[in-house]
Structures are given as structure tokens and as C-alpha cells.
Amino acid sequence: MSRSSRWLTAALCFCWLAGTAAAEELRPAGYGFGRMATEAEIKAWDIDVTPAGEGLPPGRGTVKAGAKVYAKKCAWCHGPTGTEGPQARLVGGQGTLKAAEPVKTVGSYWPHATTLYDYIHRTMPFTAPQSLAPDEVYALTAWILFRNGIIPEDAVIEAASLPNVQMPNRQGFVPDPRPDVPAR
Amino acid sequence: MARRPRKADARGKKLDRRTFLAGAASLIGLTAAQTLFTPLPADAASGPKAPPDPTKVPGAPTTPYGRRSDFETATRLPSDAFHSRTPLQTLHGIVTPNALHFERHHNGVPVIDPARHRLLVHGLVERPMIFTMEEMKGFPAVSRLVFIECAGNSAAEWRAPGGQTVQQTHGLMSTSEWTGVPLATVLREAGIRPEAAWLLAEGSDAAAMTRSLPLAPVLDDALLCYAQNGEALRPEQGYPLRLLVPGWEGNVCIKWLRRLELGRGPFMTREETSQYTDLMPDGTARQFTFMMEAKSVITSPSGGQRIKRGFVEIRGLAWSGRGRIVRVDVSTDAGKTWLPAQLQEPVLPKCHTRFRFPWRWDGKEAILMSRCTDETEYVQPSRQALVAVRGVNSRYHYNAIQSWRVTADGTVQNVEV
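Protein sequence lines, in the order shown, are assigned to chains A and B. Each residue of the first sequence is one higher than the one before, starting from 4 at the first, in the working numbering. Each residue of the second sequence is one higher than the one before, starting from 4 at the first, in the working numbering.
If we strip away everything but chain B, and leave its shape as in the complex, we get:
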């Protein structure tokens, strides 16, 4: 028994060295694209080890910046160098851990020194102004739990069931507690001229990502955020400063924000003309489709999982860009009958709401669905109803009811009903 602590120590040190070497290799030996395409695999050969009885062994000392248990392996799922998806099937509650928040960037994650970062506010303002990060943090602050969903979340579902797992079908969305200063506060510091009607927001990434936004609605509740779940924004979330427009498609929440320009009309950037416009069957395209309409999904049981007979708590998320979720109904028989799910508090506007539904699986095939209603009485549509209006080429804003089939052996699959 006396040797055991030393063994654990030796293993711990070895693991640390290995982790460090793997990290160093990713920085030095591989190109940025390679590391983005191939996530570093868990060390399957040895894996994490636990002592047979942790009460018999002194534990690890304190650490300056914590990390999760070595037994927890959920990761973001990159689909290319510019998208990665949140593992919704393994998360609990409504807050997404910062390291698992989905990513979407248009030419990589920039490295920005906050001491040198500036926000320029100009155009139709009384006083064109420049702010430092220290000054941004000096304004009266607001914290708010808000979801961000990519306009293209679930885009692979338009024509037929696309993703196998909920991470693939719905993983381009996350929720955080965001902290920052109201956009209106900063714009008023510069003085909004009466003829200003649109706002251009621009990032300092290699895409100089740019969107035009109508001024009146964003003055209501948009924030210029510097913190996420209590700490500074992650680099991939816009460090040191991002725009957040609660309830609107993720791409308008410009990251690495460096410039705000007020103008009379939209600037018609590439992102709001050739991208992020929704092509309809008649050949016209809807433009400035900012709102993320009400949507829900069962995250467990979900595609790729396997359940056992007996009690199964059906769990999922519901959200609406228009406000609060007031109701989620669950069906276990492909939509023939629906029963209300329990909504977990807090139920906040423009935020994920966790729902739960107690169920007993009898071992027969079942089709699980969830359908939400928001405070505007908007009801999440069926796939058929959505496609009947919009066709299958609009790419963005797919918010139909998701169906998961539980087969007789307990495996769960993405299906169309």
C-alpha cells in the first residue's frame, strides 16, 4: 500500500508531460489547418487511471487554471476549419461550457492583444470616437443569459435527415451568460445623428467580417460583450470584444469587433447579399432574415445513443429569438399524441430552456419528437409545413420538429416522419 501514492504521482507527472508534448506538437509540428481538421485523440492506449480507492490516496494539489476530469471526453466536432459543433448530447442545464461553445469564423481565429485593441465609432455620429478595452469595461455593465444559434444550424436537414447525432444536426448553437455594455450606451456617447438608420459592425479578423443592422431594434437590447460565463471571451468567441444581438442569427454578433459605423441604409456587404440570404422556390431571396424562430430538440435520447428498457428521462432544449418559451410538447409516437414537458427554471427570453419528460421505454420502436411554443404563440412547425412554404434551397433558418427513432435494440436514429 505504501507504494501506491508514488505510483499515482509518477503517472500523474507522465500524463502531464504527455499532454504538454501533444499540445506542443500541435503548435509546432502540424499546420493550423491540420490541427483544426483532426482533433487530438484521447490517449486510448493508456487512458485515464483512477486509484482503486481514492480515499486511500492523497489527491492532486491545487491548480492555477482548472480543467475537467480526464474521464470526460466530450469535444466540439469540427466539420471544417471554420465550423465546430457543441456536443449537446452530453451537456446538462442550459449553459454551454466556454471550451465547448460552437465555433463559426470566416477566416480563422485572430490573436488580439487587448491592450492594443480599439473600438472605432464613426459615420453619422456627432463625435467619431475611439474606445480602449479598459474604457469599454468602465461603462455600466449588463449580464444576460442568451443563446447564439448559427443561421445555418440544421441546414443539412432541409432535404432529408442529414446529421446522425444531435451534435451534427443542432450543434451550431450554445448559451452563455454574456457580460458587456449596452450598444446604445456606447453609441450615445458618440451621439447618434437623427438621419442614422443602419449600423455597420466590423470585426478585426482576417475576414474583416461585416454586417449591416437596422439601428432601432439593435438599440433595444444589443450588447458589446467582453465576458462569457464570468471570464473574458474565448478567442474563438471574439476576444476581446464582440457584438451580441439577442435572438438574431449568430453571424450578426460580430466577433473581434473593432468598428461601428452609422449610415442611412444597409451597406450591402457580401455576407448580407450572397450569403445569409434565404432563396425561395420562386427564385427570390429573403434578405435581412435576422430572427431565429422558435425551435426545440430532444438532446437525449438522440441520434447515435442507445437506451435500455425502463425509465428514460427525455431531455432537450427549446429556444426562441422572439422571447420566452411558454410550452414544449413531447411525442413518443411520431406525433400522433403529445403531452406537455416540464420546463426547468429559469425560463428566460432569447435563451435556451431545458425541458424534461419522464418516459418508460417498453422495448418497442418509438419515434420521439418535441414541439415548442413561444410567448408570441408561434408554434415550431413540422418539416413538411416548413418545406411547403420555403422549399429546400433556403439553406438558413431550418427550425422544424426533429424526429428520433428508437429501434427495438435501443439505438436511436435521425429519421423523417
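Excised from the complex, chain A in its bound form:
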């Protein structure tokens, strides 16, 4: 290697090292924004319930208790028996998914019972979301499952039992196969 090329190599190495150092300075392990969240802060917002039942709070509900809460807080949107509307139909429709006019309800379509707890607690009643106590949400869940013929009238729904409820359409969902339509 000639003297000049040695100089060139050294200069290039220096530039590379300097560049790396500058980048490291600008971009350390993190940007230094944000702070650690406390357990209490996470607990206050972490309201989701997974199919395994993670996130379900203590509490319990019966079909009988659910009927009372439903009549008072839900029937005016979903109808007296969960079939009349005007808002989403909750009950019935099993066996209609292949029909010309499918009826998608909790009983005919929903794959996981845990989603009921998550959604009722998260969003209902529509005019006062997140106002129901855990016992009320469990009770409503029990009533809707009973009305769909999924659990018996004397069932008790709680954190231990809800994830084990077998939904009729549990196997009804498939991954996205698209693109699926030939060009012409």
C-alpha cells in the first residue's frame, strides 16, 4: 500500500468512526421521551378481556339477575327478547349463515363468549358506556348466552366459567385468502 492510500484509508476510517459517534449521540438507546407507567395507571385503562379470560374481574352473574338488568338498561335498544331491535339483534339466527339472508347474532356468529364481557363493559349502555358494575356485566352475559340456548338457565357466569363457554360458531372463522378473484 502506498503512503497516500494509507493516508486515505486512515482518513476514511476516521470519518466512519466520527460519523458513527455522531449518530450515536443523536440516537442513544432511546429518545428519552416518556416515563414508566405505574401499575395503577395500567390497571385503570387495561380493560380488555382475552379469549383465555385474562382481564376478567372478580364478580358473578346469573340469568335471572341478567333479565332484570337487561329489561331496565338494554331492551329499549335491543328489544324485549333481544330479537326485535332496533339496534343489533342479540339472539337467534343459528343455522342461517349460509342462507340468502343470514342473521348474525351473538348466538349464531360470535366465536368467543369472553368478547361479550369485554364489549358490554366497554361500550354499554350506549348512552352511558362503562357504567355497569362487573356483576351486571356478568349477569347480562349470562342472560344473552341463555337466550341463545348456549348455557342452562341455572348457570353462573364468572371469570372461571366464561372462557369455557363453547360458542356455536367457534370454528366458523378462516384466515384471509385474498387475492381470491381472477382478473377477468
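Quick caveat, the hints were computed from the structure, so don't treat them as lab data. Since the structure is predicted, the reported quantities are computational estimates derived from the model, not experimental observations. Hints may be right or wrong, so weigh each one.
[Stated by the list, open to error] Examples of chain A residues toward chain B, derived with CB under 7 Å:
| hint | residue |
| --- | --- |
| 1 | G37 |
| 2 | A70 |
| 3 | D138 |
[Stated by the list, open to error] Anything over 10 Å on all C-beta distances counts as not near chain B; from chain A, calculated:
| hint | residue |
| --- | --- |
| 4 | G62 |
| 5 | A158 |
| 6 | V184 |
All residues carry an ideal CB built from backbone N, CA and C; glycine is no exception.
Place chain B on chain A using the hints.
Relative to the frame of chain A, chain B by itself:
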């Protein structure tokens, strides 16, 4: 002549007062639902007035926050309290003005104080973290032109021609320049644990709108956005913070974002089980159908418009969630023959592309169609081809070729060919 300026001033003040009163009435006198269902009508009795010669009259002074000409009347079209559609037939280029961006929310538009808004990142992370809006804006930023299309856009077209106008058939989509921080940047700040495979995003609206997203693809190009076309997000677009997943169905772009949780699998929320799943003729339903496949539509001439004989520039939009549009073909004879349209630059991935096609209407009935191809060589299907595979009950992801009939009197109608 000397009186004219004073008249114009008086009219201007009157109009301002009237506008203010109409706005105040909407806030005080009507319920929120009423205002959402019935858009305030333009003042048809008097209407906007212009002086006979604007060069003879001093104009209006500067304004702190501008508004469009009183002669421009295009509005979003609400179908209920939770959907409103962009007037594609009156827009130009590819960017949707912020005030006309389509709306879809699941229990109204929340009012959020950005000073109190926080983003919580937790679950399978090394350090659960909380960020303020000021901190979100401090991260290295990215701006990108991207379309957002509702999964249910054109849903009324599955069984038969549904909407009369392109606003009704295709108005649940818009394009903006979105600015924010890459999702990956923020998640890496908290440290992604190796077992994390799915992401739950949750809004702080009254629906606490929630979707699960597979982590690997959203780490590629999802953004946490705080700005839209250069200014802060509009409240109905998620102010102060929304998720944007370019090319995927609109509902996953969670608005009013307050929480990101990493988990091992999907959380199976209501929105990804009972909603936003696509029912097939065999009774199974496709789940996690995120991609908005290539689609195009002629926005002018389109349903409800009336054209005159002679030169007509056919104009439209094409877009693909998989990448760039490489070709748009136009037919004026119900699909018997096709010719390539001109694509207006810029042609960007996962963004609206404007196309144009020069045409001379001879006064005879014509059927106008557009068909796009994206960079993956996917070709927009015909209605028949789409329905043959998916039936008519899948509700979401209708992307078939749209047909407009020009009748002999020049009126344009939504038809099936």
C-alpha cells in the same frame, strides 16, 4: 357608486351574524343527534352575493382562520350519526380537504384536551410507558400521503347498484398527508419483548374502539399521527392522536388513540369477530381481512351529474392497499373496449392516484367504466367475478368495477352491466 361598498359591508356583517346564529342554534337548540342527521341547509333565500364588478369594491380584510368561498357548497353526506361521506364528485387532485374527510365513528366524536391526553404502551414490553402529546411530537417525524378507506365503502353495491351518486357509492374514503411518528419508534422506546406477536390499539372515544393487529406488518409502516394536511388532526379524525396503517381498512386506524398493548395473540374484540369479518357463501367468515385491494372509480361524470355534448374529460381515482397503481383503463362502451387513462403525478403507494381520460360525447347512450391494476399485477375485478367468489353477504371489501350510464339526455346513473 359611492354607496356600493357600504352595502357590501352591511351584507357581509349580516351574513356573519346569520352564520354565527345558525352555529349557535346548532349547539344550543338542537340535540347532537339532530344536528348530525340534518346538515344545516345553505341560506337559499338570500344566498351568497357578489358585487357586479369586484374590481370596483374593496375586498374583505384578512381572517385568522380562513374559510372557503360562500359559493362553494359541497358537504359531507351523513347517512346516520356515525357515517358521513366525502363529496368525491366535486373534489380535484388527490388530497381531501380536512373538513370534507369522511367520518366513521362508533359512538360519536369525543372532546379531548391534548394537554391531558396520554398514550399508554404496555403488555409484552420491557418498560410500560406513558407519553404526552408533546413527547409524541418530539420523536423524529414522518409525513406521508395515504388513503383511508372504510372496509364497508361501496357495501350497498353487493346485491345491485345501491348509491345514486359517487359520494354514496364510494364516499367512505379520503386521502390526506398524514404526519406522525412511526409506530415502531414508540414501541422500541418501550422495548418489544420477543414473544410479542399482536398489538391491541384502543381509542378514548365512547366506544373505546379496539382492534388487534399482527405486529410484524404494522411495525413496517404504521404511523402514530397527530397532523393531517399540515394542521392538527380534526376531532372527527382522532384528535389529538390516531393510528394509521397504510393500505389497511379504515377501522384499524384507531382514532383518539390512548393505549397500545402487546400480546401473544389477537384479543378477539367485538370489532374483529362480530364486525369487520367477511361472511362467505359456505357460512364461514374471513377474519382479519385488513387489506384494501385495488379499486378505482370515475368521479366525473358520475351518478346524478348531467353532461353536455362535446369534449368531456373523464376523471377518477384509483388506489391500492398493496402499493402503487400502475395502470388505469377506461371504457365508454360498457367494457367492450378499453383504453389506458393518463395517470396524474404523483403516483404514490397506498395513496389515491388521479386519472384522466379525454372523451367526446356524441349524445348517444354510453356506459363508463374504469379498471385499475396495481404493482402486484392485481387487476380490479368485475362485479360478476367478485360476487362469483364471495357471494353477496360479505358486506366488506367490495372493490368491483363501477359502471355509470350516460343516458341520451346527458344524465348519469349507477347501473349494473
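> Quick one, is the A:A70 hint okay against chain B at 7 Å, beta carbons?
Replying inline: Hint violated; A:A70 Cβ to chain B Cβ min 22 Å, cut 7 Å.
> Minimum Cβ separation between A:V184 and chain B greater than 10 Å?
Replying inline: 4 Å, violated
>> A closest beta-carbon separation below 7 Å is what the hint needs, so does A:D138 meet it against chain B?
In response: 20 Å, violated
>> The output says A:A158 does not contact chain B. Does that hold with a beta carbon cutoff of 10 Å?
In response: 21 Å, holds
>> At 10 Å, judged by beta carbons, does A:G62 keep clear of chain B as stated?
In response: 19 Å, holds
> How about A:G37: closest beta carbon in chain B under 7 Å, or not?
Replying inline: 4 Å, holds
Figure legend: structure checked against the earlier numbered hints; hints not met, in rising order: 2, 3 and 6.
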